[in-house]
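Undergrad: The chain contents come next:
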Amino acid sequence: MAALTRIEERQEANRRLGLKLLWLVGGSILFAVSLVPLYDVFCTVTGLNGKTQNTAAQSAAVVDENRWVKIEFTSSVMPGLSWNFHPQQNSIMVQPGKIETVLFEARNMTNQVVAGQAVPSVSPGSANNYLKKIECFCFVRQELQPGETRLMPLRFYVSPDLPEKVEAITLSYAFFSAVKKAEQGERAAF
Amino acid sequence: MSYASTAGHDEHHDHPTGIMRWLTTTNHKDIGTMYLIFSLIMFMVGGLMILAVRVELFQPGMQLMQPDFYNQLIGVHALVMIFAALMPAATGFANWMLPLQLGAPDMALPRLNNWGFWLLPPAAILLTLPFTLALFGIGDGAIATGWTFYAPLSVQGGIGVDFAIFAVHILGISSVMGSINVIVTIFNMRAPGMTLMKMPMFAWGWLITAFLLIATIPVLAGAVTMLLTDRHFGTHFFNAAGGGDPILFQHLFWFFGHPEVYILLLPVWGFMPQILQTFARKPMYGYKAQVYSFWGIGVLSVVVWAHHFFTVGMPVPALIYFMFSTMAISVPLAVLFFCWIATMWRGSMTFETPMLFAVGWIILFGIGGLTGLVLADVAADAQYHHTYFVVAHFHYTLFAGGIMGIMAGVYYWLPKMTGHMYNENLGKLHFWLTAISFNLTFIPQFFLGLAGMPRRIPDYALQFADFNAVSTVAALVLGLSQLLFIYNIVSCARGGKKATDKVWEGSDGLEWTLPSPPPYHSFTVQPVIK
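As they're listed, the protein sequences go chains A and B.
Counting the first sequence from 1 gives a position; the working numbering is that position plus 5.
Counting the second sequence from 1 gives a position; the working numbering is that position plus 14.
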């Protein structure tokens, strides 16, 4: 019988180690889930991946009169949204610190009320944290009546701390259909 | 010897017979056999899929199939080969050989083991069922995104994506259970006196693989679950409009995907030195160096993932980090290569089929590794990314480095498992046909990639026609020569020259102290290692 108990002891030890390893699996699952917020935080802090901080910025104190930076605008409309959408100017020259306003024009081509959400992206990514938006149509969901055309302002400035090597910044807007989010209120999940 | 006392032990048990034996078995040898047979079947299924693809690519233009069906074939081919052929083959060897090599009576958690295997067939059915459903007008076929599930394409795909997601869930659960079993077996079931640094190399390879699986499979499961909720439950993990990010998917996927490469290869790196020392008739060179290299590669493999998408638009510091960390892997890998070569150095070598496969494997896997260094270079990768160069590279690592390695293991252990010698001449013919046609299939693809032919496209420009024709003909030969492999295995299982206990003159290790085939229950009294 001594042999039998030894086998039972070992089975018990095996079960215990197996359960411990199951905790390790649980830890990995937790890690996988936490990667989502971690990724967001990482991108927002570093400005990688063109993720912009989509909240209104304070205006800058000083204007760098000796420097000009080219700001280019691109626009696109994602599938599922029948809008026309483009900036009124394709590019402007700005002085760092000076507040500029650019108008974007959106037109609802359908005969229904349609809501859209603009998602910005900045290239190069390293310039991301230096492009400060004071007011932007991308902060909230836009709802257009059938056939309505709307002029939407973007007020921004480029921070004077912008690294020397950056001479041009592209700000891209993609308009997504936001129909499903109508029920969820104004919260744009950024 | 301890095994002598177990020889008459079998009759005392009341084994179910017929199908119930296989459904309910908790015996490591039965389960190992089922894993290996399942793997062989899925290897042929995945092979048939890619042969259809190669035939389509024989000439420019669309001959056989619609582009969407082509996309389904390449994606399911990869999923089948990785999850249903290579991984189960490695687990099959683990089941068969770990208890024998460690001097254990069975795997540590036998019922978990049974469950782990029987999850596989349903998963394989889930993966391939959409092909059949499409014939009856249900859905639009299997997953057509390639095996990487990249969002947003996979968010928009048809029901095939859902089937693949569930299949990956099930396969993942199966792998994690198998890994837990392997770790517990290695930690708790070794023969008295067998310290960790005395255990066979194969156990080391599998131990690292098992830890990598436990660390990374949940990340894949998490990623595809997010994909599932994005598709059906209104979340926006990978949808930019809702604040998500499709690039996040690539990070999650490759956080699993790169260690997966080593998960597939480490078990092979484990038993390959054992084969080399058997046929070189001298002890393995650099046991400790190999163990430490395994650990080094295991740790490095989880911090290099982003080299799979250098072109996605990363900042330069990230590119440089991922380039250098990827290249750093070649240091422990080079240590392994030198150990393998040094094991053969001045040995009394003979070239039976397992040794042919082992030596061919070193050369071909070496090519796979070196072309990987080219791709790890950020500047070069911009040119080679998503071309056939990548396809050729990872087939050198996964077909030559993975499957040809597994074949070496099959020929090496088949006499032990069946008790009969396989047909040596057929085995050698199989090796030469496989090695030559493999090279003729994939060397042209290196050139195609250098010339700029993109992967995953069913049609191509005229200037790529000749290389593609060569590649297709060679692929057909490669596929057909695997029939020799199956014939040899089947006839070996049915009969043939009796194998001795030791099988090979230079074999060394506990599994060779047992009769061939080993009794149903072995090492019920554990041997003592001095």
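A few of these clues could be false.
[As the list claims (entries may be wrong)] From the structure, some residues in chain B lie toward chain A, with a derived Cβ separation under 10 Å:
1. W36
2. T38
3. P119
4. A122
5. I173
6. M203
7. T230
8. A235
9. G236
10. G256
11. I261
12. T527
13. P531
[Stated by the list, open to error] Over the 10 Å line for every Cβ pair with chain B, so calculated as not near, a few chain A residues:
14. R20
15. D45
16. T51
17. N89
18. H91
19. Q93
20. S96
21. P151
22. A179
Quick caveat, the hints were computed from the structure, so don't treat them as lab data.
The model shown is predicted, which means the values in this text are computed figures rather than measured ones.
All C-beta atoms in this analysis are idealised placements derived from N, C-alpha and C, irrespective of residue type, glycine included.
Undergrad: Each hint needs a verdict: does it hold in this structure or not?
TA: Each hint, compared with the structure:
Taken as an interface hint, W36(B) does not check out: its beta carbon lies about 24 Å from the nearest beta carbon of chain A, beyond 10 Å. Look at T38(B): its Cβ only gets to about 19 Å from chain A, farther than 10 Å, so that hint breaks. Checking P119(B) against chain A: minimum C-beta separation of about 9 Å stays under 10 Å; hint holds. Proximity of A122(B) to chain A holds as hinted, the smallest CB-CB distance being about 4 Å (cut-off 10 Å).
Interface hint status for I173(B): violated, as the beta-carbon distance to the closest one in chain A is roughly 20 Å, over 10 Å. Restraint check, M203(B) versus chain A: the minimum CB separation of about 8 Å is within 10 Å; hint holds. The criterion of a C-beta within 10 Å of any C-beta in chain A is met by T230(B), whose closest approach is roughly 7 Å, and the hint holds. Look at A235(B): its Cβ gets to within about 7 Å of chain A, closer than 10 Å, so that hint holds up.
With a cut of 10 Å, the hint placing G236(B) at the interface with chain A holds, because the nearest CB-to-CB distance is about 3 Å. Hint status for G256(B): holds, given a least beta-carbon distance of 5 Å to chain A, under 10 Å. With a least beta-carbon distance of about 6 Å to chain A, the hint placing I261(B) at the interface is held under the 10 Å criterion. Annotation: interface hint on T527(B) violated; nearest CB of chain A at approximately 22 Å, more than 10 Å.
A cut of 10 Å between beta carbons decides the hint on P531(B): the least distance to chain A is about 24 Å, and the hint is violated. With a least CB separation of 8 Å from chain B, R20(A) falls inside the 10 Å interface cut-off, contrary to its annotation. Once the 10 Å rule is applied to beta carbons, D45(A) is inconsistent with being away from chain B; the minimum gap is 8 Å. With a least beta-carbon separation of about 8 Å from chain B, T51(A) fails to lie farther than 10 Å from that chain, contradicting its non-interface assignment.
Every C-beta of chain B lies more than 10 Å from that of N89(A), the closest at about 18 Å, which supports listing it as non-interface. Residue-level check passed: H91(A) sits 19 Å from the nearest beta carbon of chain B, beyond 10 Å. At roughly 24 Å from the closest C-beta of chain B, the C-beta of Q93(A) stays outside 10 Å, upholding its exclusion from the interface. Separation of S96(A) from chain B is adequate, the least Cβ-Cβ distance of about 21 Å exceeding the 10 Å criterion.
Distance check on P151(A): its Cβ is at least 22 Å (rounded) from any Cβ of chain B, clearing the 10 Å threshold; non-interface status holds. For A179(A), the condition that its CB be more than 10 Å from all CB atoms of chain B is violated, with the nearest at approximately 7 Å.
Hint compliance for this structure: hints 1, 2, 5, 12, 13, 14, 15, 16 and 22 are broken, all remaining hints hold.
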